[in-house]
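Asks: What follows is the residue order along each chain.
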Amino acid sequence: MPYRAPNQRAVTPQNRGRFPGYDVLDEVERWDDVTAGAVLERLTPITDLSFFSKEEDAIATPLCDLLLAQDGEPKIPVVGLIDVRLALGEGDGWHYDDMPPDPQAWRESLQHLDDDALTVFRLKFAALSRDQQASIVQAVQDKSSSSESWHDKPAQQVWSLWTRYACAAFYSHPWAWNEIGFGGPAYPRGYKNRHVGGREAFEVADHADRDPVPFASRVEEARRNHAKLVESGNR
Amino acid sequence: MRHRLLGLEDVRRRNESAWLIPNDGSRDNHRLRDDMRRFPDSEEVDLVVVGAGAGGSVLTQRMARAGWKVVALDAGPFWDPDADWVSDERASHHLYWTEPRQIGGADPVPLGSNNSGRGVGGSMVHYAGYTPRFHPSDFRVATLDGVGADWPIAYEDLRPYYQTIEEELPVAGEDWPWGDPHRYPQQAHPVGGNGEVFMRGARELGIVAKVGPVAITNGRFGNRPHCIYRGFCLQGCKVNAKASPLITHIPDALAHGAEIRANSHVSRILVDDETGRVTGVVYIKDGVERRQRARVVAVAGYSIETPRLLLLSSSKRFPNGIGNEHDQVGRYLMVQGAPQTAGRFEDEVRMYKAPPPEVTSEQFYETDPRKPYKRGWSIQTVSPLPITWAEHVAAQGHWGETLREYMRDYVHWAVLGALCEFLPMPENRVTLADELDRHGLPVAHFAYSQSENDHQLVDAAQGVMEDLLRAAGASEVMTIKRYAHLVGGARMAARPEDGVVDAHQKVFGVENLFLSDGSVLPTQGSANPALTIMALAARLADRLAGPVSMVR
Chain A
18 MPYRAPNQRA VTPQNRGRFP GYDVLDEVER WDDVTAGAVL ERLTPITDLS FFSKEEDAIA
78 TPLCDLLLAQ DGEPKIPVVG LIDVRLALGE GDGWHYDDMP PDPQAWRESL QHLDDDALTV
138 FRLKFAALSR DQQASIVQAV QDKSSSSESW HDKPAQQVWS LWTRYACAAF YSHPWAWNEI
198 GFGGPAYPRG YKNRHVGGRE AFEVADHADR DPVPFASRVE EARRNHAKLV ESGNR
Chain B
22 MRHRLLGLED VRRRNESAWL IPNDGSRDNH RLRDDMRRFP DSEEVDLVVV GAGAGGSVLT
82 QRMARAGWKV VALDAGPFWD PDADWVSDER ASHHLYWTEP RQIGGADPVP LGSNNSGRGV
142 GGSMVHYAGY TPRFHPSDFR VATLDGVGAD WPIAYEDLRP YYQTIEEELP VAGEDWPWGD
202 PHRYPQQAHP VGGNGEVFMR GARELGIVAK VGPVAITNGR FGNRPHCIYR GFCLQGCKVN
262 AKASPLITHI PDALAHGAEI RANSHVSRIL VDDETGRVTG VVYIKDGVER RQRARVVAVA
322 GYSIETPRLL LLSSSKRFPN GIGNEHDQVG RYLMVQGAPQ TAGRFEDEVR MYKAPPPEVT
382 SEQFYETDPR KPYKRGWSIQ TVSPLPITWA EHVAAQGHWG ETLREYMRDY VHWAVLGALC
442 EFLPMPENRV TLADELDRHG LPVAHFAYSQ SENDHQLVDA AQGVMEDLLR AAGASEVMTI
502 KRYAHLVGGA RMAARPEDGV VDAHQKVFGV ENLFLSDGSV LPTQGSANPA LTIMALAARL
562 ADRLAGPVSM VR
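Chains A and B, in that order, are what the protein sequence lines are.
Going left to right, the first sequence walks through residues 18 to 252 as this note's numbering numbers them.
Going left to right, the second sequence walks through residues 22 to 573 as this note's numbering numbers them.
Hints were generated in silico from the structure; no laboratory data involved.
This structure is a prediction, so every number in the text was calculated from the model and none was measured.
C-beta: ideal position from N, C-alpha, C; glycine also.
Take these hints with a grain of salt, some might be off.
Away from chain B, derived, C-beta distances all over 12 Å, residues of chain A [claimed, not checked]:
{"id": "1", "residue": "22"}
{"id": "2", "residue": "27"}
{"id": "3", "residue": "78"}
{"id": "4", "residue": "124"}
{"id": "5", "residue": "136"}
{"id": "6", "residue": "138"}
{"id": "7", "residue": "155"}
{"id": "8", "residue": "188"}
{"id": "9", "residue": "201"}
{"id": "10", "residue": "240"}
Below, in silico cross-link-like pairs of lysine-lysine (DSS-like), each with a Cα-Cα straight-line distance of 27 Å or less [what the hints assert, rightly or not]:
{"id": "11", "chain 1": "A", "residue 1": "170", "chain 2": "B", "residue 2": "502"}
{"id": "12", "chain 1": "A", "residue 1": "71", "chain 2": "A", "residue 2": "92"}
{"id": "13", "chain 1": "B", "residue 1": "231", "chain 2": "A", "residue 2": "160"}
{"id": "14", "chain 1": "A", "residue 1": "209", "chain 2": "B", "residue 2": "231"}
{"id": "15", "chain 1": "B", "residue 1": "231", "chain 2": "B", "residue 2": "90"}
{"id": "16", "chain 1": "A", "residue 1": "141", "chain 2": "A", "residue 2": "245"}
Whole structure, please, built from the sequences with the hints as guidance.
Replies: Structure (structure tokens):
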């Protein structure tokens, strides 16, 4: 079993989650080695970017932090994981005919965030406060919801590009699985307790007793915080 | 086990694939591959098959058994489940067709992971595993409902092939009450949390739901082990429990002298301009352009690549591409509307544990004369893993803290999907784009727009799924609109003016060129297409190998 320092156990992004103490990596010795290799590789620090330039990184990092609410450490290196994909030319096998291929669409859309920041706040995107950045990003999503174009590209397609790559990177990471209680790879072990309410011995219950706030209220609070962030940037 | 009573030995006698897999815990017979017969390019083989997926593999296996010299070329790798596949969403990207393609139209359809495979086994490597039959009505949609098209063949023509393929996969499920009522060779699997929720909601509303039909072996089948319920069906089955041609037909094809030539991208079909016959194919392997001569060519590249290849194969004789004299190639491409509805439950469902394919209802499959729309839909469990689930949540417009909060609640959600029968329309088609792939070949452009009937089906299916999940106890539901599957694009028709191939899947106007994949389907029903594609290939093989060969 691979060694892990005690403070590397049960890590969740920003130490948030509902499954205290749950660590999907505790099961790694019961995975097949090809899968274990693929998952553990995501823990390797990404020190240098290959695809994004320094200027693009300065826009992509706050963008991805906002999309996934990564407002502190420990952080999943979302931009690094996206960078690897784009550098390898690993596409999704399609692109909209009114959009360039994904790598170019990333470069152009990051540049357009800078353009918007300069127009609205007379500063580069990277120089804005977090709430100002959020207001710029929200404006793109608003255009996406109403099927408008953004810098001559369908905003919907741009929004889909960002969220698709960002979510795939974030939720491929074992720390995100710890956060959401996902059981992770299951070969050759499989799952035994598959009925509603069932758990494997290694799985941890959603800790409703520690956090008795019902789901609906939690989501409401998240919405309120999100709206506050975006609105304060608009002021 | 019902199968044992129905003559497993009969299945083994006609297709030994499951017994050719090693019995030592490894998933692939390397000896069989090492000993594979190899034909030189210069030799004219009897049949070259383009694409080793559902249609191509069955045809290859059948024709090899009939004594034909067969080479199947596939653009992707010859997979080894042990070495090449993982129990992981993100690291399964290589299973999909990720070469560039363009999508457009009013309702563009994403490709790649959603519906396009690559490598030996094709899309069935990453399909969920549902293998329903089409209903008899699917073959007569124009006659019965005045929409879509009639097939030049009837359900009865396919029925015996449905049965044989169901035995070879094998398919597990409850006795099936819909369409042409039938039984399955294996009993239904036990269901997990998501299936329980579906059954509970259906019971509350008086909707009939049945477990299956899935091509996942319930119990040992040859040397293929029982399903271990790990939930990664869509990432390639490392267990060898879920059927794909890689394990259901390719081993037997190899044992009967077929060659599977992987990593070989076919770039054009060769035509003799004098006779109008095809003489083989050009393909690119390891960066080198090569030719394989053949007496007969069968294309099985699926609904995007098959039309693309026909269009790329223009010649003096066929200036607009092969089979395209009436501008039919690429047209009538269909996808199913696949709205996906999630429901939130107080209990932990942990839907990732069981295979995503568990339970189906075909109660709404047929046209309901009381409704304003024609045709219908089916409902199935889908059980997305975290990345796909994040796409569902993000598609609601959630981002930032709200997205994270919804995602944190993953274990409480159950998810159903519908397959809505979208109608075939001529303007939904593949054409060649001006963008080039890494081989310098124009990529496919796929234009798609929905009809009014299509929109109505999706809304109705969404309503039923939301009601069902609420009836099961969901406190909140959320639906996204998406698409599933591809069929059509080179459809079967009675006359060349209406399609690309005839009732025997022979390309109109070319005596020795056949299509053996989902592109030939004139309608799609609300069924997952894999079983029908395989059944059609088995039927084509019978025609080709029969006492009076169709090939002139």
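Asks: Hints broken by the structure, by number, lowest first?
Replies: Failing hints, ascending: 7, 8, 9, 10, 13 and 15.
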